[in-house]
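Undergrad: One-letter residues, chain by chain:
2 protein chains.
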Amino acid sequence: MKMHTRISEMQEALAVARGDKPADLVVRGGATADVFSGRFEKNDIAIHGNKIVGSGAYTGNTIVDASGKYVLPGFIEGHIHLESTLLAPPETARCMVPRGTTCVVADPHEITNVLGSEGVEYMLESTRDLPMDFFFMLPSCVPATHLETAGDVFGVEDLLRLKDRPRILGLAEMMNFPGTVYGMEAVVEKLLAFGDGVRDGHAPLLRGAGLNAYLYAGPGSDHECTEIEEAAEKLSKGMMVMIRQGTQAADLETLLPLVTPLNCRRTMLVTDDRDPQELLELGHLDHNLRLAVAQGLDPIIAIRMVTLNPAEYFRLYGRGALAPGYTADVVIVDDLKTFRVDTVIQRGRVTVSNGMPIHDFPQPLAGKALRTMHLGELPSDAFRIPATGSSARVIRVMEGSILTRAESRSVKIQDGLAVSDPEQDVIKLVVLERHHASGRIGKGLVSGLGLKAGAIASTVAHDSHNIVAAGVEDEAVMRAVREVERMGGGLAAASADRVLATLPLPVAGLMSVEPVREVIGRKTRLREICADLGSGLKDPFMALSFLALPVIPELKLTDRGLVDVGKFDFVPLFL
Amino acid sequence: MKMHTRISEMQEALAVARGDKPADLVVRGGATADVFSGRFEKNDIAIHGNKIVGSGAYTGNTIVDASGKYVLPGFIEGHIHLESTLLAPPETARCMVPRGTTCVVADPHEITNVLGSEGVEYMLESTRDLPMDFFFMLPSCVPATHLETAGDVFGVEDLLRLKDRPRILGLAEMMNFPGTVYGMEAVVEKLLAFGDGVRDGHAPLLRGAGLNAYLYAGPGSDHECTEIEEAAEKLSKGMMVMIRQGTQAADLETLLPLVTPLNCRRTMLVTDDRDPQELLELGHLDHNLRLAVAQGLDPIIAIRMVTLNPAEYFRLYGRGALAPGYTADVVIVDDLKTFRVDTVIQRGRVTVSNGMPIHDFPQPLAGKALRTMHLGELPSDAFRIPATGSSARVIRVMEGSILTRAESRSVKIQDGLAVSDPEQDVIKLVVLERHHASGRIGKGLVSGLGLKAGAIASTVAHDSHNIVAAGVEDEAVMRAVREVERMGGGLAAASADRVLATLPLPVAGLMSVEPVREVIGRKTRLREICADLGSGLKDPFMALSFLALPVIPELKLTDRGLVDVGKFDFVPLFL
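Which chain is which? The protein sequence lines are A and B, in order. Numbered by my numbering, the letters in the first sequence go through residues 1 to 575 in order. Numbered by my numbering, the letters in the second sequence go through residues 1 to 575 in order.
Treat each hint with caution, since some may be false.
Subject to a maximum C-alpha distance of 30 angstroms in a straight line, what follows is the list of computed DSBU-like cross-link-like pairs (lysine-lysine) [what the hints assert, rightly or not]:
1. K163(A) with K2(B)
2. K412(B) with K538(B)
3. K538(B) with K443(B)
4. K21(B) with K567(A)
5. K567(A) with K412(A)
6. K337(A) with K368(A)
7. K2(A) with K69(B)
8. K163(A) with K412(A)
9. K368(A) with K412(A)
10. K21(B) with K69(B)
11. K21(A) with K163(B)
12. K21(B) with K163(A)
13. K443(B) with K412(B)
14. K163(B) with K412(B)
15. K163(B) with K2(B)
No lab work stands behind these hints: they were computed from the structure.
All chains should be modelled from the sequences, with the hints used to inform the complete structure.
TA: Below is the structure:
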C-alpha cells in the first residue's frame, strides 16, 4: 500500500479513536478483560476496520450488546498439530471458531512427513481466507529419524527458503533433543538457521545439564512437561511452559498448580492435538479454560495463557489483548466458568453470533495432497514371518499411553512361520512403506491390541505415516491394507473376507474431506468394529498410530524393521 | 561467520553446558535471581565465552565466589538521554558499569538536535567496544517544533536509512502527542515507517479517547506518567509504563504502588536523565532499585523491572535473565536492600570486581561533534531591546520545575531600551542561534533566576541547544556568550569584566571530554558563582536550560522569539 493511502487510513482511524466519527462496531456493556493489568473493567470496545481503536464510551454503526457477559481477546492456540483433528483445515476452523479460537499456531509436522515442503504449502494455502488466522512453525524433524522412511526430506534448505514467508513464525518443536544436546550437526544447523527467532522445544523429562545444553542451542518452549518439578525447572531456565491438555496427553491437572501470578507470563494453555469428537463435543481452548478455572486458577490468568502470553511468545504484535491498535479479535462469553461462547469477532467481523457461526467455510483444497499413496508391489505372502527363533521381542501396547514396553514372548510357529496367537494376545504387526513404492515392509508382533480376529490398518502412523496394520489373519491384514490404499489413505478394519468399516483420509492420508460429524460417525463405527473383533482398548487406532514412532520408548516397528528406542537402533525380531 | 564455524562453536558450548568440559567462568554459591519464576535459588551460573551455558553445579577455569551474595541479571536502562550526564559516553559508562548497568537503551535526542543524523552516528561510534552495551532509539522529533532552529532536520528519510542498523531498536519517544492524536501527516509517517517495531511514547497526562488515538498510532511505552490513575490507564491500554526516577523528574514514589505481581510485566524502572553528580554519588539503576525496595516493592519484581521487562519490550532476545543461551551479563550484589554492587560480568568478562571497575575506558571521540559552534555576527549592541511598551511578558522560573509561568510585569526603561531590573528580579534573557551562523537572536525577560549582577550562558538549551544566556549587564551576557563560543559549547558565568567560571562541553555543546569529578567540580563552582551573583536557585543552569523549550508551558524564548506555549505561537514581548 502506498504511504499516502496508509496515512489517510490512519487519519480516518484516529478520528474514530478520538470519538469524532462513529466506530464500525462497538461491543457495549460487557466486563472487558484487561490482560495487561490482570482484571476486568466495564468498558465499550470500539472497532474500526479490522482493529480496535479504543475502549471507553463510544458510538458505533453496529452495536454488539455484551451486557452481563465477559469480553475477552480471541483465543490463541500456541501448539497444535491440525492433522490430529482428521479434518481438512476449513472444517477444523468451522469447529474451532464457535469455541472462541481466532488464531492458531500449528506445526504441520504430519503432512510434511508425507509431502515435504508441499505439505507446508498445502497448509498455508488451505488456511487462507478463513474466519480464523492460521500461523505455522516449520517442522524441524522430517524425517524424524533415519530408522524410518518418510515421504520427503524437509531439510535446512527448505527451512531457509520458507522461513520468511508470511504466516511462518519460526521453527517447530525440536524433537530431536538428544541430537540437540549432543550437538548433531544437522540439528544444530537447523536451530542456527533461525537466528534468535522463535524455536519451539520438545524435551520430555529432560532436566539438569542436559536441559541446559538443549536450551543453549535455542528452543524456547516446551509442551512435553508431565511433572510439576520438571515444568518448574524448565520455566526457571527460560522456557515458555505450554501446559498441554489434548486428546492424547492430559497434563493440565498435574501442571496447573505451578502457575502463580508471578510466573504466569511464562505459561500457556495448549492442546497439541484434538481428535474430532473431542473437538466437537468438548471444544478447543474454551475447554482448557474451563478445566483450568474449575481447578482453581484465577480466570484472568487462565485467559492470559491463551491470549497475551502466546501472542508475546510468538511475537504476534498487536494480538492477544483488547487495546487500541490491536487486531479486533474478540470473544464474548456468558461467564468465566462455562466459558460458553456467545459472540466471536475476528478482524472486526462478527463470525459467531449467539453461539452459531455466521460465516461460510470453503471446501478443502484438492491437488497433490490428495495423491500421496504410492505402495510398492504387494504379493499375497508379503506378511509372512519366517521363524528364526522360538521367542521374540513383542511390542506391548499400554492403554492411554504412547509408550510401549518390550516384552519377550514365546512365538506361535506354524510351518516354520511365526503367526498371530490371539489366545496369547500376540498378533502380527506390519509397516508398509507407502511413499516411494519401495515395497519395503517391516514385520513384528504386538500384544495388547486385543484383536481376536480380523485386522486394522491406517495411514495415520507417526511420524512417517506409512501404512501400519495389525491383525490376526494375514488375509485380513491384506484386505485392510488394500482398502487403505484404495481410499488414498485412511483407517480401515477388515475381516479375512471383507472390509468392515472405513474412514477415508484422502488428504495426505491424514485428513478427511468430509464434515466433522461424518468423521466422528465413521470413527465410532471403527471403534465398535474393533470391540467386536475383541479389542478392549478405548481407541485401538490411536494405539496403532504410535506403534511406528521410533522416538518414543521402548520398542517400535518401522518399514525398516524393529527398533529398540533405548539403543536407537534396529534389533532382530527373534531373541 | 561461516556456518561450519558456528556449528563447531555451538558444539563446543554444548559440551560445556553438558558439563563435559569446564566453563570459562563459574559464579558459585550465590542466591541467583530467577526472573522467570520470580524467586531466588542457590545455583552456580556457568559461562562459556559471552554466554551463560547453564545453571546448577559446574566446574570452571575461573571461579567467582558469590556466597552470601545475590546474583542478578545485568541491569538494563530502558530510557535515558545520555547527554544529561554531561559526559562523553565512555565516561558515562565508567560511572554506570560499577553500578551494575550492562545495557542501556538511549534516545540521542539532544545531540541529534545539534548534528542531525551525524549525532546518531557519533553516539553509535563512541559507544563501541565499551564494557556496557548501548542501544539507541531514533529521535522522532528533530527539530522539536517550527518555533525554533535546530542544528539539523532529522526526517523520515533519515529514520528509514538508519532504522535497520545494528544497535538501533526503534523510534524514540514520540513527544508530539497532539500531532499524533490529530494525525499530522509528518508524525504519522514517522510512526508508520517503523511498522510494528518498537516505538516509545511520551504523553504526559494524556487520557481517554485522546490516549486511545495516540496508542492506535503506535507508541507502546510511556515514561511521562506523574499520576497513578494516569499510569493505571496507560498500562491497561497496553503501554509499558516506565516509572521514571531521574534528576529532573521523580515519579517513583507516586507510581510504585501501581505495581503488582499481576501487572508488573508491563512496567520498568528508568531514569530518563541523570546529572553527573547524582550519577556518581547516588548511582544509576541500583539507586532506583534501592528506592523501590525501600518503598516496599518485592525485590524480585523490582529486579524484573530493570532486566526481563525491558529486554522483552525492546525485543533484546537472550537478555535480562540468567538462563542457558542468555548473554552473560551478571551483577553480584551484597544484599537486596543496599544493592551494593560487588562484581559485574559483561558478556562473560569480569568488568567490576569488589566494586571497582577493572576495565580501561577509551577516550571520547574527536571529529565533527567537536565543531558545532557556528555563531553569526555579534555586534556589541546585539542584546539591546528597544522598548515598545511599558509592560512586558516575563518568563517566571519556578524552582524545581521545567514549567514556567507567564507574568505581566512593568519594565525598566533607559534611553528607550528595556534593561535588566535586578531589584525587581527581572533580567534580560537571550537565545542565540548557533548552528547556522544566522545571527538570529531571540530576546526577552526572565524573573526568578535571581541574579543581581553578571550573567550566565549555556549551550545546554533544550531542545535545539542554541546558546541561552541571562544576565544583568549586557557586557556580562556578551562575555559569557563569547566564552561559551570559545569553548565550542558549554556553561559559563561572567561578570561585566571577566569570566568567573566555566564548564566546557565541546562535544556538540552538550558533553564534556573530562572525567566526571572534573565536571562535577566545575558545575559546583558554577553554582557557587551563581549564588555569589545573587541567585537563590539550587541550579540556575538547569532552569536556564529549559527556558528555550517551547513545548513545555507557559512562556518560553527561542532564537525566533517569545513563545506562548498554550497558543503554540509567537507573542510580542511587550503587552
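Undergrad: What hint numbers does the structure not satisfy?
TA: Per hint list: 6, 7, 8, 9, 11, 12 and 14 violated.
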